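Generate coordinates for the entire structure from the input sequences, incorporating the hints supplied.
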Amino acid sequence: MSAPRRGVLEGPRAQTTIDFAIGAGVFLLAVGFVLGFIPGILDPFVQSQNHATVADRAGDRVSTELLSTSVDPYVLNATCTEAFFVGSTPSGCQFDTTDLNDALGVGTRLNVNLTIENSTGIVTVGGVRLAAGEAPPDRSSGVTIAQRAALLDGETRRIFVRVW
Amino acid sequence: MSVDRGQAYTLEALTAAVLLVTSIIFALQVTAVTPLTASTSSEHIENQQGAVAEGLLASAAEQGNLKPTILFWDGTVGEFHRSTYLGAYTEGGPPTAFGTALNETFRDRGIAFDVNVHYLNRQGQRRTEELVNFGEPSTHAIAATRVVTLYDNDPLYDGSGATNVTIQNRSISFYAPDISPGSRVFNVVIVEVVVWRM
Chain R
2 MSAPRRGVLE GPRAQTTIDF AIGAGVFLLA VGFVLGFIPG ILDPFVQSQN
52 HATVADRAGD RVSTELLSTS VDPYVLNATC TEAFFVGSTP SGCQFDTTDL
102 NDALGVGTRL NVNLTIENST GIVTVGGVRL AAGEAPPDRS SGVTIAQRAA
152 LLDGETRRIF VRVW
Chain W
204 MSVDRGQAYT LEALTAAVLL VTSIIFALQV TAVTPLTAST SSEHIENQQG
254 AVAEGLLASA AEQGNLKPTI LFWDGTVGEF HRSTYLGAYT EGGPPTAFGT
304 ALNETFRDRG IAFDVNVHYL NRQGQRRTEE LVNFGEPSTH AIAATRVVTL
354 YDNDPLYDGS GATNVTIQNR SISFYAPDIS PGSRVFNVVI VEVVVWRM
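Read top to bottom, the protein sequences are chains R and W.
As numbered in the working numbering, residues 2 to 165 make up the first sequence, in order.
As numbered in the working numbering, residues 204 to 401 make up the second sequence, in order.
Some clues are possibly wrong.
If you want the ones that stay clear, here's a sample from chain W, every Cβ over 10 Å from chain R, calculated [unchecked claim]:
no.	residue
1	Ala230
2	Thr237
3	His247
4	Asn250
5	Ala256
6	Ser262
7	Ala263
8	Glu265
9	His321
10	Val350
11	Pro358
12	Thr366
13	Val397
If we take Cβ atoms under 8 Å as the criterion, some of the chain R residues that face chain W in the derived model are [as the list claims (entries may be wrong)]:
no.	residue
14	Ala53
15	Ala151
16	Leu152
Keep in mind that the hints were calculated from the coordinates and are not lab data.
Just so it is clear, the structure is predicted and the values come from calculations on it, not from any experiment.
All C-beta atoms, glycine included, are put in the ideal place defined by N, C-alpha and C.
This is the structure we're talking about:
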């Protein structure tokens with residue numbers, strides 16, 4: 002007489018061990034997926050330009066191409082600089098548009114502000130206040146600033162490009 | 204399974220523990236600066252400071268302020284004029300126009316800087332002379348360089364301008380040697396400005 006074989010079915014539970022393992026595995030996978038997916042829900046639909054890259058490129062462009070003398074980077078041509086901030090486009094300067102976003106190569110969806118300052122504030126050269134673009138908002142976050150140093154009119158000034 | 208157990212299965216306990224730990228980690232990640240944060244610098248800020256240093260060197264070279272600073276050397280003592288410690292300036296830039304520009308642009312805004320002058324010795328190896336030493340740069344430092352050529356008839360400078368002692372004068376001890384005695388070139392030096400946030 003053979004001993005009664007005890008199969009997998011022990012006790013009144015309808016769920017076998019392997020059933021439980023599969024169920025627990027699926028549950029853990031679902032929990033892990035949800036935890037990994039939640040940060041992605043909070044991203045905006047449209048990816049905008051990276052402000053830091055844009056500001057950096059605009060700063061490079063202003064100090065080495067746009068307002069500089071054609072020979073040396075970081076040396077600004079005073080006549081062209083004044084003309085740029087006044088809004089005229091004389092020949093012989095390396096810009097041919099007075100729209101700030103266009104001239105700096107910043108897309109139309111970003112706001113940009115360009116100033117040339119020294120240690121006391123925004124510089125005025127030849128009666129022209131060297132600031133262009135609308136004033137940046139007061140909030141301290143969300144405004145990316147790029148800075149450069151350049152020679153203008155015999156003195157070293159700082160160029161600030163603010164993008165938000 | 205007895206009815207008064209609050210925790211039915213170990214799995215439930217594990218999931219609860221995982222949720223707790225991830226919420227703590229999330230809350231900690233939201234804090235931007237902790238007491239152990241090494242520096243408030245970021246790559247964008249470093250790039251900007253590097254570009255400002257490069258622009259400063261270019262504008263100083265254009266104004267003719269860079270060479271007088273390199274040659275602000277006291278030939279009899281063998282040090283820069285009025286240097287503070289071990290032949291270098293440790294509290295700011297040198298007392299020249301370039302040093303003033305450095306102080307205004309960097310030191311007054313909480314950015315430390317080192318200025319090194321790299322030259323070649325007679326064996327063609329690169330040696331360094333410290334001009335400004337604010338200490339060891341942090342791991343978030345960035346440098347800008349500019350090449351300056353020194354000629355045989357360049358004069359040394361002191362507090363009142365150019366002296367009439369040239370660097371090829373054998374009675375003075377200049378930090379760089381004449382690597383090309385047969386030509387007008389004395390040495391080719393690289394001025395390096397290393398900046399980092401304090």
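Would you list, in rising numerical order, the hints stated earlier that this structure does not obey? 3, 4, 5, 6, 7 and 8
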